[in-house]
Structure formats: structure tokens, C-alpha cells
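Read top to bottom, the protein sequences are chains H and G.
Using the working numbering, read the first sequence as starting at 165 and increasing by one per residue.
Using the working numbering, read the second sequence as starting at 165 and increasing by one per residue.
Derived from the structure by calculation, the hints contain no laboratory data.
Do not rely on the hints blindly, as some may be mistaken.
[Said to hold, decoys possible] In silico SDA-like cross-links for lysine to any residue, where the CA-CA straight-line distance does not exceed 20 Å: (1) H:Lys198 / H:Arg248; (2) G:Lys201 / H:Ala194; (3) G:Lys245 / H:Ala193; (4) G:Lys201 / H:Val207; (5) G:Lys198 / H:Cys227; (6) H:Lys201 / H:Gly219; (7) H:Lys201 / G:Lys201; (8) H:Lys201 / G:Arg192; (9) H:Lys198 / G:Arg258; (10) G:Lys201 / H:Arg192; (11) G:Lys201 / H:Gly219; (12) H:Lys245 / G:Lys245; (13) G:Lys198 / H:Ala197; (14) H:Lys201 / G:Ile240; (15) G:Lys201 / H:Gln237; (16) G:Lys198 / H:Pro231; (17) H:Lys201 / G:Cys225; (18) H:Lys198 / H:Ser241; (19) G:Lys201 / H:Cys227; (20) H:Lys201 / G:Arg258; (21) H:Lys198 / G:Val262; (22) H:Lys201 / G:Val262; (23) G:Lys245 / G:Val207; (24) G:Lys198 / G:Cys225; (25) G:Lys245 / G:Val262; (26) G:Lys198 / G:Ser217; (27) H:Lys198 / H:Cys227; (28) G:Lys245 / H:Ala197.
[What the hints assert, rightly or not] To give an idea of the chain H side of the interface with chain G (calculated C-beta under 7 Å), a few residues: (29) Ala197; (30) Phe200; (31) Gly221; (32) Gly222; (33) Val226; (34) Arg248; (35) Arg257; (36) Leu267.
[Claimed, not checked] Computed Cβ-Cβ distance ranges for the label pairs, DEER-style: (37) G:Pro231 / H:Pro181: 21 to 29 Å; (38) H:Thr230 / G:Gly251: 27 to 35 Å; (39) G:Gly259 / H:Arg218: 26 to 34 Å; (40) G:Cys180 / H:Glu220: 40 to 48 Å.
Keep in mind that this is a model prediction, so the values were computed, not measured.
Heads up, the beta-carbon is just placed ideally off N, CA and C, and yes, glycines get one too.
Protein chains: 2
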Amino acid sequence: MSKQELEVIGQDAACCPGVSAAPLDDERAAELAKVFKALGDPVRLRLLSLIASRGEGGEVCVCELTPAFDLSQPTISHHLKLLRQAGLIDCERRGTWVYYWVLPSALDRLALFLRTPTAAEAVA
Amino acid sequence: MSKQELEVIGQDAACCPGVSAAPLDDERAAELAKVFKALGDPVRLRLLSLIASRGEGGEVCVCELTPAFDLSQPTISHHLKLLRQAGLIDCERRGTWVYYWVLPSALDRLALFLRTPTAAEAVA
Numbered sequence: 165m166s167k168q169e170l171e172v173i174g175q176d177a178a179c180c181p182g183v184s185a186a187p188l189d190d191e192r193a194a195e196l197a198k199v200f201k202a203l204g205d206p207v208r209l210r211l212l213s214l215i216a217s218r219g220e221g222g223e224v225c226v227c228e229l230t231p232a233f234d235l236s237q238p239t240i241s242h243h244l245k246l247l248r249q250a251g252l253i254d255c256e257r258r259g260t261w262v263y264y265w266v267l268p269s270a271l272d273r274l275a276l277f278l279r280t281p282t283a284a285e286a287v288a
Numbered sequence: 165m166s167k168q169e170l171e172v173i174g175q176d177a178a179c180c181p182g183v184s185a186a187p188l189d190d191e192r193a194a195e196l197a198k199v200f201k202a203l204g205d206p207v208r209l210r211l212l213s214l215i216a217s218r219g220e221g222g223e224v225c226v227c228e229l230t231p232a233f234d235l236s237q238p239t240i241s242h243h244l245k246l247l248r249q250a251g252l253i254d255c256e257r258r259g260t261w262v263y264y265w266v267l268p269s270a271l272d273r274l275a276l277f278l279r280t281p282t283a284a285e286a287v288a
């Protein structure tokens with residue numbers, strides 16, 4: 165990974181204290197709750213995982229996501245919209261289809277928030 | 165940290181692939197969604213943070229938690245119950261009061277699930 169990427173991750177750790185560091189203020193609690201709420205649904209978690217498992221820089225056509233679920237296209241699109249509004253994924257329309265990819269920095273920020281000091285020491 | 169603790173964290177990483185590793189199956193998606201749903205509320209996030217910020221092995225009396233919120237005791241107790249059902253905290257009654265503490269392994273497990281390969285390399 166590049167030095168720049170390392171610095172970004174370092175900044176995240178510095179800017180955003182973890183759950184154990186200090187009591188959360190109202191604003192940050194509201195912001196984080198919105199993202200966790202987006203993750204609090206099995207279909208959205210499966211969608212996120214399907215997109216994320218394409219690897220860094222990988223993307224998935226919505227036409228590949230829908231057949232993996234026993235749900236209508238509008239329902240899948242609604243779940244994808246909630247993940248996008250939470251800042252976990254982004255998308256682009258190209259011709260007929262919309263393509264989705266994850267935003268790794270959003271996932272890593274949540275991971276840093278949840279990680280306890282014990283685990284942080286273990287991987288340091 | 166002890167060798168045993170390191171092994172536990174290592175086992176978690178081995179047993180539970182991250183969001184980017186492979187598409188989630190239904191069972192694990194349902195299990196994880198339940199925990200993320202518990203985190204998807206600002207009051208519960210603030211409660212968790214208040215408890216977690218007591219440090220490892222620290223605990224908080226419910227009598228200290230309630231005054232931090234403009235909510236009734238039963239409402240706070242309900243939110244604490246949801247955090248407990250999600251396996252994020254545990255509690256014990258001693259005399260008049262109930263005492264709460266976090267379960268760090270549950271938080272670390274979620275953090276490992278969310279962490280992308282890029283961040284994993286950065287802290288390795």
C-alpha cells in the first residue's frame with residue numbers, strides 16, 4: 165500500500181476516537197448510528213459483502229446482484245440506496261446498468277471505532 | 165496482553181472472514197445484522213461508549229448511566245437490554261443496582277469483519 169493510504173488510515177485513527185476512548189458526543193453518535201443502522205439488515209450485509217468481495221477497486225453490476233436474492237429489483241435498489249446514503253458504497257450508471265463499489269475508508273473507519281485497545285495492541 | 169488473548173483474537177480472525185473475503189451466507193448475515201442493528205441507534209451507541217470508556221474490566225452502575233440522558237429509566241433499561249441481547253455488553257445485579265460492562269471480543273469481532281485488506285496490511 166502507498167504511504168498516502170497509510171497516512172489516511174493514521175488520520176482516521178487520530179481524528180475519530182474509538183468506542184472505548186471517551187464517551188461519544190450526540191453528533192458523532194447520530195452520524196455513526198446512521199451507518200450501523202444501514203448495516204443492521206441481512207440483505208444489506210449480503211449486498212455489501214458481495215460488492216466488497218470483488219476486491220480493491222472491484223465493482224459489481226446491479227444485474228449480477230439481483231439474481232443472488234429472492235427479492236424484486238426495486239427492493240434490491242432500495243437496499244443499495246440505503247448503503248449508498250450511509251457512505252458505504254458508491255455507484256455509477258453506464259448505459260443500461262448501474263455499477264457498485266465499496267468505499268473502503270468508510271468500513272475501516274467503523275472498524276477503528278469498534279476496535280478495543282486490547283485488539284489494537286495485538287495487531288500493532 | 166497475554167498470549168492467550170492474542171490467540172483468541174487470532175482465532176476470531178481465522179474463524180470469521182471479513183466482509184471483503186467472500187460473500188456472506190444467510191446465517192452469518194442474520195447474526196451480524198442483529199448486532200449492527202443494536203448499534204444503529206444514537207442512544208445505544210452513547211450507552212455503549214459510556215460503558216466501554218471505563219476501560220478493560222471496568223463497569224458502570226445503571227445509576228450513573230441514566231443521568232447522562234434525558235430519558236426515563238425504563239427507556240434506558242430497554243436500550244441496555246438490546247445491547248445485551250446483541251452480545252455487546254453483560255451485566256450483574258448487586259443489591260439495588262445493576263452493573264454493566266462491555267464484552268471486548270464482540271466489538272473486536274465486528275471490527276475484524278469490517279476491516280478491509282488495505283487497512284489490515286497497514287496495521288500488520
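Legend entry - Pairwise hint evaluation, Cys227 (chain H) against Lys201 (chain G), where the allowed Cα distance is 20 Å at most: 28 Å, violated
Inset, instruction - For the pair we were handed, Lys245 (chain G) and Ala193 (chain H), check the Cα-Cα distance against 20 Å. - result: With a Cα-Cα distance of about 19 Å, the restraint between Lys245 (chain G) and Ala193 (chain H) holds, given a limit of 20 Å.
Inset, instruction - Mind checking the alpha carbons of Lys201 (chain H) and Arg192 (chain G) for me, to see if they're no more than 20 Å apart? - result: Since the Cα atoms of Lys201 (chain H) and Arg192 (chain G) sit roughly 17 Å apart, the hinted pair holds (cutoff 20 Å).
Legend entry - Agreement of Lys198 (chain G) and Ala197 (chain H) with the hint, judged by alpha carbon distance not exceeding 20 Å: Roughly 14 Å between the alpha carbons, so the hint for Lys198 (chain G) and Ala197 (chain H) holds.
Legend entry - Lys198 (chain H) paired with Val262 (chain G) [C-alpha distance capped at 20 Å]: 29 Å, violated
Inset, instruction - With a cut-off of 20 Å on the C-alpha distance, tell me whether Lys198 (chain H) and Arg248 (chain H) pass. - result: 12 Å, holds
Inset, instruction - Could you check the hint for me, namely that Cys180 (chain G) and Glu220 (chain H) are 40 to 48 Å apart, CB to CB? - result: Cβ of Cys180 (chain G) to Cβ of Glu220 (chain H): about 20 Å, so the range 40 to 48 Å is violated.
Inset, instruction - Take the C-alpha atoms of Lys201 (chain G) and Val207 (chain H), compute the straight-line distance between them, and say whether it is at most 20 Å. - result: At roughly 13 Å apart (the allowed maximum being 20 Å), Val207 (chain H) and Lys201 (chain G) satisfy the hint.
Inset, instruction - Would you check the hint for Lys198 (chain G) and Ser217 (chain G), treating anything up to 20 Å between C-alpha atoms as holding? - result: 23 Å, violated
Inset, instruction - Have a go at the Leu267 (chain H) hint: is there a Cβ in chain G nearer than 7 Å to its own Cβ? - result: Violated - the Cβ of Leu267 (chain H) stays beyond 7 Å from chain G, reaching only about 10 Å at its closest.
Legend entry - Straight-line alpha-carbon gap Lys198 (chain H) to Cys227 (chain H), limit 20 Å: 27 Å, violated
Inset, instruction - Compare the distance between the alpha carbons of Lys198 (chain G) and Pro231 (chain H) with 20 Å, and conclude whether the hinted pair is satisfied. - result: Roughly 24 Å separates the two Cα atoms, so the pair is violated.
Hints 5, 6, 9, 11, 12, 15, 16, 17, 19, 20, 21, 22, 24, 26, 27, 31, 32, 33, 34, 35, 36, 39, 40, counting from the list given before, are not met by this structure.
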